[in-house]
Every structure is written in C-alpha cells, then in structure tokens.
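Student: The lines below spell out each chain.
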Amino acid sequence: MLAINGRYDVSKQALVGTIKGLWILSETGSKGWSVEGPSLGGWEVSATLAIPGRLLVGTTHYAYGATIRISDDNGKTWTQPAGQPRYREGQPYKVNRIWELVADPHNLDRIYCGVDEAALFISDDRGESWREVESLTNLPSRPHWRPGAGGLCLHTILPHPTDPKTLWIGISAVGFFRTNDGCASWTALNKTLPALPTGSPDPEAAYCVHRAVVDPANPSSLYMQFHGGVLRSDDAGDTWQPIEDGLPSNFGFPMVVTPGGRVITAPLLDQETRYMKDGILRTYVTDDRGKAWKESSAGLPKDPRFVGVLRCAMAADKKSDVVLFGTTTGELFNSRDAGKNWSQIPGQFQRVLHVSFA
Amino acid sequence: MPRISVHLPSMLAAAIGSARVEVDASTLEEAIAALRRDHPRIATHVFDDLGRQRRHVLLFLNDRDTRWITPAPIPLASTDTLSIVQAISGG
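Chain order of the listed sequences is V and D.
Going letter by letter, the first sequence gives residues 1 to 358 in my numbering.
Going letter by letter, the second sequence gives residues 1 to 91 in my numbering.
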C-alpha cells in the first residue's frame, strides 16, 4: 500500500472503483497524486461518491450480489447499511449492480442511486436507507425495457444545477428521461435520438444512451454519447442534433464537461471492436458546443493500447480543470488543464469501472 | 429452542463486521427464516431480491449442502452449525 497524505493536506481527492476494489487518489499539488488502496478487496466497486465526511460506494460480487458501503473515516473502515436499494415487495425485478451514485446539489442529505435492473433509488439520510422511485418503475413502457451489452442499467443521473425539481436520467438500452416535478413524473426525451434496433417492442423505449452531461453554466444545453451518435440538445433534452465533426467515430462511452464548458470524449473505433482507432489512446474535446471536435491527446502514450474507457470511468472536477480517467486495462490518466495535457498516474491497476472527485 | 451458529465467509464477515451470528431455531427451515428475518444485512448476500438462494452461494448444515437435504422439516440440535460458503465456480 502506498502512503497517503493526511486528508486535510491534499488539495483534491478522487475515488477510483475497479473490478478489484477501491483506490483513493489524493492530489498533492506539484508532487502529483498519491494512491491508497485497495479497499474492499475482492469486490467490484462499480460506483463511487464522496460527500462531506462520508464516502459511499456500490459493491458487486458475482456470488454475493450488489450492496452499498459507507465509510466515515475516509476509507479506512467500511460498513454496510441496513437499508439497501431494493425493489418494493412484489416487483419482478432484481438489483444486480449499483451503477451510479450522485449527490443532490440542492439537498446535502439526498443521494440518487442508479442500478441494474434499471431503477432509480433515493436516500434522504446520506445513504443509510433507500426508496425506489416508483414513478419510474411504473412507466407503461417498463415491461418492454431491454438491456444493452452492459446490462439494463440506469447509469446516468444529472441533477439540474439550479432547479431542485429537475433531474435527467439515462438508461441503456431504453433512453433518456427528465422529471420537472421532483421525480413524481417522467418525460421521455427520445423522439429525435437515432433509432437503432434493441429488440424492444416499444419504439418509445428503445434508445441506447451511453452517457450524457449537462453544461453547468447553461443547463438547457446537454451533450450525449449515444450508441451510434454524439448529440447536443439546446432545449433541456427535448430535441437532439448530431455534433460529430472531427470525431473518428460516433461510438463511445465516456463524456464529461468541465466547469468552463469544454466537453471531453474518448471514442472507440466502432461497436464491434470496442477499442480505439489504430489502437492508440486518444481523447477529443470541443470548446464550441460541438461545432467541431479536435483531438487532445498530448501526454497520452503513443504506443499500441487496444483499450477503452468505460462510461463511468472518466470524471471532471466540478471546481477546477482537473480531469481523470481510467482504462479497461487499469491505467489512470489525469489532466490539470481540462484535457489539454495528460499525464499517467504511476501504476497499473485493475479494469476501471468508476471515477469520481471528492 | 437450540441456538445455532451461522459462520460467514471472510468477504461477508468483513462486510458485516462479524464472522459469526446466531439464530434460534428447532429446524433448518426455521433457521433459514430467522436468518432472513433477523440478519437482513447477511441475507441480502445469500438470497436474491426474489427470495431465491443465490446461485453461487451454498449454505451448509455441518458438512451437508442444505439444497440437497430432504425431507423437511430437518431437526436441529445446539451442536449443529450453518456455514455460508461461496461455491467454487470462479473458473
């Protein structure tokens, strides 16, 4: 285990969930990052979240199933709360994996949790107990939802930066939804997304959203990495238009937006091969809301790396230009200038599932 | 009523904070019901959301896999132990 500086000595902290436990990264100014871990060895850490005084992760194990874990001592010890995200009695669905944990920016006690099989859960006590958002599960299209290759996963949760009643969610391979009334009802925002066959008999719920982000400075603008498309919405998700000029392909998974509005992606060659073009690790950015993308890979290795970056394995800090991503082969890269220049964090870890900033 | 020890594998012991719990039960069926009722933090790892024993989790009564013990009810004595075991199915 590598040494870590004291919690209050570091300028920034990041959580990295891998298929073999959790790693905690601490930025130490000009010295780079220190790394501590693994915690929760043996468990897949498929979602990570830091809130003031508490870390939460979603753990999954092929034998023992999916549960939330909590640490109130910065990862030294973990507890499994008695309350877990679970469907209400009588539902035919199971919680197979915790995909996403997101703090509500308007309510310090509230956390949202997205799972496979796709559902949204809410905790109003910092993760100690959870309730199913029944309005989502009760949508008429729900019986026709079909999984993507990664499962039937609710992987994207986007609270509106200023409106506490508005939230967007993305489900693969179902679509993109918005609530404007605090999760009481949902509007599907799929009509202008590319129609690709998913096997669902319901054309209103057959859209393979891979990831989406909302521009923090202009919340009507959203960006989406779709199964076969990169898109922008200027009307809070009601309609979408392609923004693909300059990208090597329109297939990929991760997408982040920096506080300054730069959007960063890491496209794959195509849906069949699922590695990067020419086997070279590359990221792409746009500074003009998608009118043009340009490669921004300075500092990334140029030798062959037939890898990918999973949808939750890239994160942009909300308060700085620091960006971090991990690859499917366990390498970690960070940027301090919003993706213009990258450097590798020393070490080879396991397949990176989820990255978040404290 | 006999008090039955339930032994946890190391991964679950670390998650729960204990390597062993106890249930009061006269039969195997009562012991499993008590495990579900009184120890939900453990039960969630043994049984899935639909109530079925997870595919890769075994529950042993002494040295016998409880999936294959018949007929019910199976009487228990205080010297009996239950053990949660991860099936050897990792490849």
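Don't read these hints as lab results, they were simulated from the structure.
Just so you know, not all the hints are guaranteed correct.
[Stated by the list, open to error] Computed footprint of chain V on chain D, listed as stretches where at least three residues anywhere in the stretch have a Cβ under 8 Å from a Cβ of chain V:
| no. | stretch |
| --- | --- |
| 1 | 15-22 |
| 2 | 47-54 |
| 3 | 65-77 |
The beta-carbon is built from N, C-alpha and C at its ideal position, and this holds for glycine as well.
Student: Hint by hint, note whether the structure agrees.
Tutor: Hints versus structure:
no., hint, verdict
1, 15-22, "holds (count 3)"
2, 47-54, "holds (count 4)"
3, 65-77, "violated (count 0)"
The structure does not agree with numbered hint 3 stated previously, though it agrees with all others.
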